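Colleague: Just so you know, the sequences run in chain order U and Z.
Numbering-wise, our numbering comes out as the position in the first sequence, counting from 1, plus 21.
Numbering-wise, our numbering comes out as the position in the second sequence, counting from 1, plus 35.
In short, the hints are calculated from the structure, not lab data.
Accuracy of the hints is not assured; some may be wrong.
Claimed, not checked - Computed cross-link-like contacts, DSS-like style, restricted to lysine-lysine with a CA-CA straight-line distance of at most 27 Å: (1) Lys250(Z) x Lys174(U); (2) Lys129(Z) x Lys342(U); (3) Lys176(Z) x Lys250(Z); (4) Lys250(Z) x Lys96(Z); (5) Lys174(U) x Lys176(Z); (6) Lys250(Z) x Lys182(Z); (7) Lys309(Z) x Lys341(Z); (8) Lys266(Z) x Lys250(Z); (9) Lys221(Z) x Lys129(Z); (10) Lys182(Z) x Lys266(Z); (11) Lys221(Z) x Lys342(U); (12) Lys120(Z) x Lys96(Z); (13) Lys221(Z) x Lys174(U); (14) Lys129(Z) x Lys309(Z); (15) Lys96(Z) x Lys341(Z); (16) Lys221(Z) x Lys96(Z); (17) Lys266(Z) x Lys129(Z); (18) Lys129(Z) x Lys174(U).
Stated by the list, open to error - Looking from chain Z toward chain U, a few residues come up when the C-beta cut is under 7 Å (computed): (19) Thr164; (20) Gly188; (21) Ala189; (22) Gly196; (23) Leu216; (24) Val217; (25) Gly232.
Predicted model, so just to flag it, every value in this text is computed and none were measured.
Even for Gly, the Cβ is constructed at its ideal location relative to N, Cα and C.
Chain by chain, the residues:
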Amino acid sequence: MDKAPRRPLLERLTHGASGRAVVAQLALLLVVVLAGGWISHNTIVNLQARNLASGFGFLNYTAGFAISQSPIPYSEQSTYGRALLAGLINTINVSLVGIVCATVLGYILGLARLSRNILISGLATIYVETLRNVPLLLQLFVWYFAVLQPLPKPSASFDLLGLAYLHNRGLQLPSVSLGAAGWPVFAAVLTGLLVVALWARYRRYISRLAVLVPVLLPVFVWMVYGAPFEAQIPQLERFNFVGGTVVRPELMALIVALSTYTAAFIAEIVRAGILSVPRGQIEAAQALGLRRGHIRRSVVMPQALRVIIPPLTSQYLNLTKNSSLAVAIAFPDLVSVFAGTTLSQTGQAVEIVGLTMAIYLTLSLLIAAAMNLANRRFALKER
Amino acid sequence: MTKLYRKPALGLLAALFGYVGLGPVQAADTVGATLGLIQQRGELFCGVSEGLSGFSSPDDKGRWTGIDVDFCRALAAATLGDAAKVRFTPLSAKVRFTALQSGEIDVLSRNTTFTFTRDVNQALDFPVTTYFDGQGFLVRKALNVTKPRDLDGATLCVNQGTTTEQNVADFFRTRGMTYELVTFEKSEEAVAAYEAGRCDVYTSDASGLYAQRIKLHVPGDHVILPDIISKEPLSPAVREGDDRWANVVRWTHYAMLTAEELGVTQANVETARKSDNPDIRRLLGIEGDLGAQLGLSADWGYQVVKQVGNYAEVFDRNVGAGSPLQIERGENALARDGGLQFAPPMR
Chain U
22 MDKAPRRPLL ERLTHGASGR AVVAQLALLL VVVLAGGWIS HNTIVNLQAR NLASGFGFLN
82 YTAGFAISQS PIPYSEQSTY GRALLAGLIN TINVSLVGIV CATVLGYILG LARLSRNILI
142 SGLATIYVET LRNVPLLLQL FVWYFAVLQP LPKPSASFDL LGLAYLHNRG LQLPSVSLGA
202 AGWPVFAAVL TGLLVVALWA RYRRYISRLA VLVPVLLPVF VWMVYGAPFE AQIPQLERFN
262 FVGGTVVRPE LMALIVALST YTAAFIAEIV RAGILSVPRG QIEAAQALGL RRGHIRRSVV
322 MPQALRVIIP PLTSQYLNLT KNSSLAVAIA FPDLVSVFAG TTLSQTGQAV EIVGLTMAIY
382 LTLSLLIAAA MNLANRRFAL KER
Chain Z
36 MTKLYRKPAL GLLAALFGYV GLGPVQAADT VGATLGLIQQ RGELFCGVSE GLSGFSSPDD
96 KGRWTGIDVD FCRALAAATL GDAAKVRFTP LSAKVRFTAL QSGEIDVLSR NTTFTFTRDV
156 NQALDFPVTT YFDGQGFLVR KALNVTKPRD LDGATLCVNQ GTTTEQNVAD FFRTRGMTYE
216 LVTFEKSEEA VAAYEAGRCD VYTSDASGLY AQRIKLHVPG DHVILPDIIS KEPLSPAVRE
276 GDDRWANVVR WTHYAMLTAE ELGVTQANVE TARKSDNPDI RRLLGIEGDL GAQLGLSADW
336 GYQVVKQVGN YAEVFDRNVG AGSPLQIERG ENALARDGGL QFAPPMR
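Model the full structure from these sequences, guided by the hints.
Modeller: See below:
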């Protein structure tokens, strides 16, 4: 049987619904490309007219400034690129710790709001309503200056068993160094845990003695390296403590503020998820004689997680981006070090802000991708 | 076929096309034409700090005061004949240069240090230095620190994005001293942290230290170390490639210095107009055509002194003997009095 003859091109483009759709989309694409091109052209022309430097070569110049808390070795003679890396790792650290703390706290608060005990649910409601409605920057200032003011100065700090000291410049902790055996011991711990996890997953039964593996293996590795051990206890000198490690109040205040603020939002998400589970499920579980804790763990939460995980992703992204408020309390995160100090010193605003935005975009996309993997595991398997 | 006006998407497309097609190409053609732009606009856009006593801060009635503010008023008096025709834009250390480069302000009068990188690499020009300063340290008297060498191991609070961070790094590193730097975005936060005890030292330009000290709870508990560890020539900044405007900025400051040299003040400028001294007559525009050469009106010098005052008056009123800061003239005295402020001859 012959196929119907094709209509002329112009008629296809303007008369059929799909034809018009194609034309409209092409037109919109053209407008977007033109707008983007105009903005870039404008920027380049103006930068050149004003003789402003451009390009990313500044990342190789010497930075010339110090970073107070750097996770990687960094000195004033390192490059701007290294400063960028230090700030980035600080941001990632704060975001990860904040996400974990916020989730745990938010889960507890969500359950508390659903409690039948009026006192607990009332307190949880007050917490959620207050912290959700006060701007995060204000909360951050409260934690930072409310933590600083009451704590004593280093010469009068709280003495914790002579090993650790708490004062308004941080929490001084003793540090233990394993010398050359440090990384191998860490690797041995991870290997041991991995072995035990895989063993438990693939074999039905695992002996209780297996938990000794992640303990004994690192000890064995440590002995092989000659058992190096070096402990440092902080000592008070003229201005500050020297030796050991310290947790700075900036870091503490930022993590606490981010966690408590985001936990208020997560509490509401958790509560919504739990309430979304049909009442019939709980009643059926009760009819089977399951106890409350068991019901929550095996019946309610798996179904609630389907509803909880998508909005939870948004909250994690918010927390990551909110960590950029660190610049207000002198914590050297990515924005403070790179889009703050480096921008002021080199003056290359366009490249620096663009690069910072690209980095935050990448971080957010990674978090969203990870959460989507988790979501797929809990989502309803549809036909 | 449905009527076109029922399709909102088409309307949106048309609007986008109109904006993109007819929209202005921004500002590239105004590079080098700032003076004409100001005179046409009738107002000077001046970038100042967000609040530094003595340099640029709003008083309790919202009126801006300070030595940088008065310099902008002098520029307005010279170019527009009226010292009140200024719009002040408070800028943080981070955005000050971008605001100037993008054309949002005409001149940056914000206690900014004139350095090599800023002059050469950031498309800025620093026509003249209005205040010679240096970096100092503010510490508590109770710490018994007499010189910067005693600060080994100390914690310092600084303001982000200033030459202060780099100076501290250089100073401590070359002397083999250790330190910890706590960097805040705003100077108020840095001073608050210093007062709360987070740091032992607050370091900044010495003039800024005087300004911040009077705002502390007990100013007498804090001392500014006499040693200055760097050169900080504070200068107004303009965009590079704009020589006409740079000339106006430079010679406005020199006019104020010349007025001080010749003894012309706000009070006696009217009688000085009748003077026989050729230097005074050229300064006030009675003789010669200095104003026309700059592109300004002939009485530009007279307007500056009448409406704002000479350099000594501006200094005393804002940071010197007539202000709470009580800073000595020191390096900012005239060259003939042992300082660094020197004006070339106005002829």
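Colleague: Confirm or reject each hint.
Modeller: Each hint tested on the structure:
Using a Cα cut-off of 27 Å, the hinted pair Lys250(Z) and Lys174(U) holds, with the two alpha carbons roughly 22 Å apart. Only pairs whose Cα atoms come within 27 Å are accepted, and Lys129(Z) paired with Lys342(U) is accepted, the gap being roughly 20 Å. With a C-alpha separation of about 16 Å, the suggested pairing of Lys176(Z) with Lys250(Z) holds against the 27 Å cut-off. Distance check on the hinted pair: Lys250(Z) and Lys96(Z) sit about 18 Å apart at the alpha-carbon level, within 27 Å; holds.
Taking the CA atoms of Lys174(U) and Lys176(Z), the gap is near 15 Å; set against the 27 Å cutoff, the hint holds. Taken as a hint, the Lys250(Z) and Lys182(Z) pair is honoured in the structure, with Cα atoms around 24 Å apart against an allowance of 27 Å. Using a Cα cut-off of 27 Å, the hinted pair Lys309(Z) and Lys341(Z) holds, with the two alpha carbons roughly 15 Å apart. Simply put, Lys266(Z) and Lys250(Z) have alpha-carbon atoms about 25 Å apart, close enough for the 27 Å limit, and the pair holds.
Restraint check for Lys221(Z) and Lys129(Z): the C-alpha separation of about 10 Å stays at or below 27 Å, so the hint holds. Simply put, Lys182(Z) and Lys266(Z) have alpha-carbon atoms about 18 Å apart, close enough for the 27 Å limit, and the pair holds. Taken as a hint, the Lys221(Z) and Lys342(U) pair is honoured in the structure, with Cα atoms around 21 Å apart against an allowance of 27 Å. As the CA atoms of Lys120(Z) and Lys96(Z) are separated by approximately 18 Å, the hinted pair is consistent with the 27 Å bound.
For the hint pairing Lys221(Z) with Lys174(U), the CA-to-CA distance comes to about 23 Å; that is within 27 Å, so the pair holds. At roughly 48 Å between alpha-carbon atoms, Lys129(Z) and Lys309(Z) are farther apart than 27 Å, so this suggested pair is violated. For a cut-off of 27 Å, the pair hint linking Lys96(Z) to Lys341(Z) stands: about 23 Å separates their Cα positions. For the suggested pair Lys221(Z) and Lys96(Z), the alpha carbons sit about 23 Å apart, so the restraint of at most 27 Å is met.
A distance of roughly 21 Å separates the Cα atoms of Lys266(Z) and Lys129(Z); the hinted pair therefore holds under the 27 Å criterion. Restraint check for Lys129(Z) and Lys174(U): not satisfied, since their Cα atoms lie roughly 31 Å apart, outside the 27 Å limit. At its closest, the beta carbon of Thr164(Z) sits 20 Å from a beta carbon of chain U; the interface hint therefore is violated under the 7 Å criterion. Given hint, Gly188(Z) at the interface with chain U, holds; its Cβ is 5 Å from that chain's nearest Cβ, closer than 7 Å.
A hinted interface residue such as Ala189(Z) counts as satisfied when its beta carbon comes closer than 7 Å to some beta carbon of chain U; here the least separation is about 4 Å, so the hint holds. A least Cβ separation of about 3 Å between Gly196(Z) and chain U falls short of the 7 Å threshold, and the interface hint therefore holds. Checking Leu216(Z) against chain U: minimum C-beta separation of about 5 Å stays under 7 Å; hint holds. Annotation: interface hint on Val217(Z) holds; nearest CB of chain U at approximately 5 Å, less than 7 Å.
Evaluation of the Gly232(Z) hint against chain U yields a held restraint, the C-beta minimum of about 5 Å falling below 7 Å.
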